[in-house]
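Protein sequence lines correspond, in order, to chains X and V. Just so you know, the first sequence maps onto residues 1 to 538 in this note's numbering. Just so you know, the second sequence maps onto residues 1 to 549 in this note's numbering.
Think of the hints as simulated: they come from the structure by calculation, not from any bench. Incorrect hints may have been included.
[Unchecked claim] Straight line, CA to CA, 27 Å or less: simulated BS3-like cross-link-like pairs of lysine-lysine: (1) V/402 / V/315; (2) X/518 / V/233; (3) X/458 / X/196; (4) V/508 / X/236; (5) V/508 / X/196; (6) X/536 / V/315; (7) X/196 / X/63.
[To be verified] Okay, the calculated bits of chain V under chain X, using three or more residues with CB under 8 Å as the criterion: (8) 141-155; (9) 189-200; (10) 235-244; (11) 427-433.
[Unchecked claim] Beta-carbon label-pair distances, calculated as ranges: (12) V/376 / X/243: 18 to 26 Å; (13) X/459 / V/430: 37 to 45 Å; (14) V/517 / X/379: 47 to 55 Å; (15) X/64 / V/312: 49 to 57 Å; (16) X/322 / V/433: 35 to 43 Å; (17) V/334 / X/164: 34 to 42 Å.
Note that beta-carbon positions come from the ideal geometry of N, C-alpha and C, so glycine has one too.
The lines below spell out each chain.
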Amino acid sequence: LTRCGSAYPLPRLDLTLTGAMYCLLKLAPLFLAVAVCNGWLFGDFVGKQKEQDEISLWPLPQKFQSSAVAFKLSPASFQIVHAKQSSAGPSCGLLENAFRRYELHSPLFTFEPIHRDKTQTFCSLCVDELSIDEPSAVLKAANVWGALRGLETFSQLVYEDYYGVNNINKTDISDFPRFAHRGILLDSSRHFLPLKVILANLEAMAMNKFNVFHWHIVDDQSFPYMSRTFPELSQKGAYHPFTHVYTPSDVKMVIEFARMRGIRVIPEFDTPGHTESWGNGQLDLLTPCYSGSSPSGTFGPVNPILNSSYDFMTQFFKEISTVFPDAYIHLGGDEVDFRCWESNPDIQKFMAQQGFGTDYSKLESFYIQRLLDIVAATKKGYMVWQEVFDNGVKLKDDTVVEVWMGNKMEEELQNVTRAGFTTILSAPWYLDYISYGQDWQHYYKVEPLSFPGTDAQKKLVIGGEACLWGEYVDATNLTPRLWPRASAVAERLWSDKSVTDVGNAYNRLVQHRCRMVKRGIPAEPLFVGHCRQEYKGL
Amino acid sequence: MSRSGSHSHRVRRWCLIAAVVAVWVQQVEGVWPLPQQLHQSADRDCLSPQRFSFTYGRDSAAQTGCSVLDAAFKRYFSIIFPDFTTLSENVLQYMWSEPQPFVVSVSVKTRGCDGYPDEDSDESYMLSVSEGQAVLRSVSVWGALRGLESLSQLVYQDDYGTYFINKTEIVDFPRFAFRGLLLDTSRHYLPLYAILKTLDAMAYSKLNVFHWHIVDDPSFPYQSRTFPDLSNKGAFHPFTHIYTQSDVIRVIEHARMRGIRVVPEFDSPGHTQSWGKGQPGLLTPCYKGSVPSGSFGPVDPTVDTTYKFMESLLKEVKFVFPDSYVHLGGDEVSFACWQSNPNVRKFMEKMGFGKDFTKLESFYMESIMNMTAALNKTSIVWQDVFDYHERIPQDTVLEIWKGAKYQTELSRMTQAGHRVLLSAPWYINHISYGQDWRNSYAVQPQNFSGTDEQKKLVIGGEVAMWGEYVDATNLSPRLWPRACAAAERLWSNEEKTLNADLAFPRLKEFRCELLRRGIQAEPLFVGHCRHEYDGLHMLLHAVKVSRTL
Chain X
1 LTRCGSAYPL PRLDLTLTGA MYCLLKLAPL FLAVAVCNGW LFGDFVGKQK
51 EQDEISLWPL PQKFQSSAVA FKLSPASFQI VHAKQSSAGP SCGLLENAFR
101 RYELHSPLFT FEPIHRDKTQ TFCSLCVDEL SIDEPSAVLK AANVWGALRG
151 LETFSQLVYE DYYGVNNINK TDISDFPRFA HRGILLDSSR HFLPLKVILA
201 NLEAMAMNKF NVFHWHIVDD QSFPYMSRTF PELSQKGAYH PFTHVYTPSD
251 VKMVIEFARM RGIRVIPEFD TPGHTESWGN GQLDLLTPCY SGSSPSGTFG
301 PVNPILNSSY DFMTQFFKEI STVFPDAYIH LGGDEVDFRC WESNPDIQKF
351 MAQQGFGTDY SKLESFYIQR LLDIVAATKK GYMVWQEVFD NGVKLKDDTV
401 VEVWMGNKME EELQNVTRAG FTTILSAPWY LDYISYGQDW QHYYKVEPLS
451 FPGTDAQKKL VIGGEACLWG EYVDATNLTP RLWPRASAVA ERLWSDKSVT
501 DVGNAYNRLV QHRCRMVKRG IPAEPLFVGH CRQEYKGL
Chain V
1 MSRSGSHSHR VRRWCLIAAV VAVWVQQVEG VWPLPQQLHQ SADRDCLSPQ
51 RFSFTYGRDS AAQTGCSVLD AAFKRYFSII FPDFTTLSEN VLQYMWSEPQ
101 PFVVSVSVKT RGCDGYPDED SDESYMLSVS EGQAVLRSVS VWGALRGLES
151 LSQLVYQDDY GTYFINKTEI VDFPRFAFRG LLLDTSRHYL PLYAILKTLD
201 AMAYSKLNVF HWHIVDDPSF PYQSRTFPDL SNKGAFHPFT HIYTQSDVIR
251 VIEHARMRGI RVVPEFDSPG HTQSWGKGQP GLLTPCYKGS VPSGSFGPVD
301 PTVDTTYKFM ESLLKEVKFV FPDSYVHLGG DEVSFACWQS NPNVRKFMEK
351 MGFGKDFTKL ESFYMESIMN MTAALNKTSI VWQDVFDYHE RIPQDTVLEI
401 WKGAKYQTEL SRMTQAGHRV LLSAPWYINH ISYGQDWRNS YAVQPQNFSG
451 TDEQKKLVIG GEVAMWGEYV DATNLSPRLW PRACAAAERL WSNEEKTLNA
501 DLAFPRLKEF RCELLRRGIQ AEPLFVGHCR HEYDGLHMLL HAVKVSRTL
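Build the full structure now, drawing on both the sequences and the hints.
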């Protein structure tokens, strides 16, 4: 492993905060602040309690101990530094960038580091009093990704007292995620999402410790991904060839912006269904549908009987595997409509040849298996929607199956894990479905491992995803619709299984949503009330 | 409305080149809400921003110096030519031809430029667009504003940026005089900019009443000059979460400029928890057994001080809000607290109300309504007041909000001779998955059993956006374009607008137009707009950070 460098977050790397220490940060408020703090320490206890309520960590850390002893933070002397013994140093761009970001977020993070302090203490993440005249915090993590999570937690520990002064209480935290895969799916095909919106939501994801951006980048409606190999796909398949596309540099920016926040970007190129927009720029890729004995002029799923389809996929996924650094690609495979295949005489002939009878799921399997081989050759792992498993396609052992269908969800988890596949749960978290009231509570109450199965089976559930499909969502309403509803999913996937108190969650989430608003994310309200700093809009 | 699908345009010569390269360009789908009469031909004119002008007709009662229209000309110029300031002189269309002038001549019969729109304002207009000119005629400046809005929606751009307008004749007037939108600034505080933006979008949809549900149980953001403690103690925050007198003036003036009335609601006797903080003695102390429990109920209707207070407050309201209507609320009064209070029970006995607390509520409301009448204001009250007490002042306007059986309620109220507002089917704070605008659109406000006279008593309706789950972060996309459905129902001819499928493409286009004008209107379904919403505030920050990558 590199110390920091240009590595990308790996599928399971940020699980642990113990082990080899890569990064150690010091946060040192000044002597003066402590002097002010003395008066406060012996001051009104009731007031203190109230202020303590404002510490609202989200998602809740695994182990958290906080005392009433508070330190005042002075902007003039606050700094974040690399500890002397940290494997990372000032040359670690990722952390330097994070230091600057957390300066921006809070009034307390508003100046450049001045000097490097030598004081040191070791614990996972502790805000501790080292000496009366020099309070500091030490953050210890196995790698930079853990350090990013710790910085976020640290920023959430800081609260303003009634005089507007930043305080932080003596605190000990040791933390790690319950699930390794904590994702958000955004759909940039049904509506184009301007780059800004995607970046804003990556920012919000980091605030909620999400670590996977599942980019459902293309679908029936449009093909905004600008391919170097097949530029016509977006030229003819996007809503607009110039204004509604993601250029290679846009994609690069998303990936880098995500990397800086410890977020993986997993692109989804869903086939053989959901591909109408592909057909505009890639002739003969889709199956011509027939009306009686002549082509109807419409097209169905990818044509699985032509070698040209597989040649195309080979070249296309070769490009995708180099553009997206993550070890996984999502291959979709959901909702394949067989009617068009059924109507096409060439396909019928092929079915007979292969001995598939009239079972079109066999044809789908035939396609998917060849596709999996193509993608496997690019050395990528792959994820698929549950139908691929349900239809009995032969899958490689390391395939990740995503469970999305709401009915019989537990049964499906049981089946998928019994077959030994790793799985991701998104069925209970389709956030595009909206209703009146506090639906975040439903998302919060989901227990992903409640299905019957062995411990080994449960370990195969590596996480979940909150999905915001794009039928009714674009830049105008995406962010308030996603946040703080997705925050409920974030806590379910990060915090301990025992963290289930909805009332407690409500109180913290109200504060957390105000924190997001303060940081510029238009997260909608949970219920009646107010934030000290309301959303400022444009 | 007639619209030609043909692309064979008879165009003036100077327009020819641009027209030839742009023949496949779609025309505008139409105007939202749909005018009463609209005739368009395929003939069209190019518009050159440099040669485009608004002018007052020679026979117009209003001339330059008319505040409402001068400001409207300025506003609509930028709306019609949104990229004027960034447009370079040598854009395509001028390379082949000399730009021709286009003059919009506006004539109004009566001046009234400094007044306020009110219940009897005439909003009708006639618009005639022909070669090189448009003539807009109306009785009042408010009608001229509606006409300018329609005109702005007739202009469209081709892929090369050339502006066009087709030959058009419009005769238009609203079906209902009262077309309202309710915002709730108590359950969540709405910053001033959010209110002003909403007023902008209301004008685009020809909504003409801003029903300002300004205070309620959770907070009292209205800063009263007579009773400053109400907001000092009752607002979420006494300085950051209030509307000062100058804020209110700004809202009223912004609304006036757009022909929108501002009707404030001071809801009592229920929904007043926040009032109690700054006005001790106003609310009824609830009892537990024989001792006060420490909590409070509705306004105390048994003491004189209550009525003195309400009279002072209403006097101030009359002074601050120029509209002739004021909303007095009167909904959802819980009787439990009154029942628990021995003084209230004694009062009930004295008045001979028995155990019927609806009589007590009616007693209170009647006093308040009489007070309002004495101030020469028309009261609006929620339906509860009528349901309890059919004998209320005849000129009181009743507002229906309860979802079930609103048709029956319409019959009963109009039979009793009251004017009625309908908002029950338009509680659009209730959200659900999918295209729920279609439900709003399907409402037929006069489809109830009753005489023609009764139907005339339905003076309009209101879209309500209650604030339980809404603040500045999500207000705009929840309101727009969902509120547009009711806006069309209240303005347009019902016969011509019953089919939601036919309305869909027009609404879709209007939604894109709202985006273009900076209104954060959410999508109706899959698709795209040429100019997507791009205004996320936060990303000033994220983009700044990303530049440091």
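A quick look at each hint next to the structure:
Pair hint residue 402 of chain V plus residue 315 of chain V does not hold up; C-alpha atoms about 30 Å apart against a cutoff of 27 Å. With a C-alpha separation of about 24 Å, the suggested pairing of residue 518 of chain X with residue 233 of chain V holds against the 27 Å cut-off. As the CA atoms of residue 458 of chain X and residue 196 of chain X are separated by approximately 37 Å, the hinted pair breaks the 27 Å bound. Straight-line distance between C-alpha atoms of residue 508 of chain V and residue 236 of chain X comes to about 23 Å, which keeps the hinted pair within the 27 Å bound.
A C-alpha spacing of about 24 Å is found between residue 508 of chain V and residue 196 of chain X, which places the hinted pair at or below 27 Å, so the restraint holds. Restraint check: the Cα-Cα separation between residue 536 of chain X and residue 315 of chain V comes to about 34 Å, which exceeds 27 Å; the hinted pair is violated. The suggested pairing of residue 196 of chain X with residue 63 of chain X is violated, with an alpha-carbon distance near 35 Å, which exceeds 27 Å. Under the rule that three or more residues need a Cβ within less than 8 Å of chain X, the assignment of the region 141-155 of chain V is violated, with 0 such residues.
With 5 residues carrying a beta carbon less than 8 Å from a beta carbon of chain X, the region 189-200 of chain V meets the three-residue requirement, and the given coverage holds. Residue count for the region 235-244 of chain V with a Cβ under 8 Å from a Cβ of chain X: 4. That meets the three needed, and the coverage hint holds. Counting residues of the region 427-433 of chain V whose beta carbon lies closer than 8 Å to any beta carbon of chain X gives 5, which reaches the threshold of three, so the coverage claim holds. Residue 376 of chain V and residue 243 of chain X have their C-beta atoms about 55 Å apart, which leaves the hinted 18 to 26 Å range violated.
For the hinted restraint 37 to 45 Å between residue 459 of chain X and residue 430 of chain V, the CB-CB distance of approximately 42 Å keeps it satisfied. Taking 47 to 55 Å as the suggested C-beta distance range, the pair residue 517 of chain V and residue 379 of chain X conforms, at roughly 50 Å. One distance hint, 49 to 57 Å for the beta-carbon pair residue 64 of chain X and residue 312 of chain V, holds here, with the actual separation near 52 Å. Distance hint check: the CB atoms of residue 322 of chain X and residue 433 of chain V are about 38 Å apart, consistent with the given range 35 to 43 Å.
For the hinted restraint 34 to 42 Å between residue 334 of chain V and residue 164 of chain X, the CB-CB distance of approximately 39 Å keeps it satisfied.
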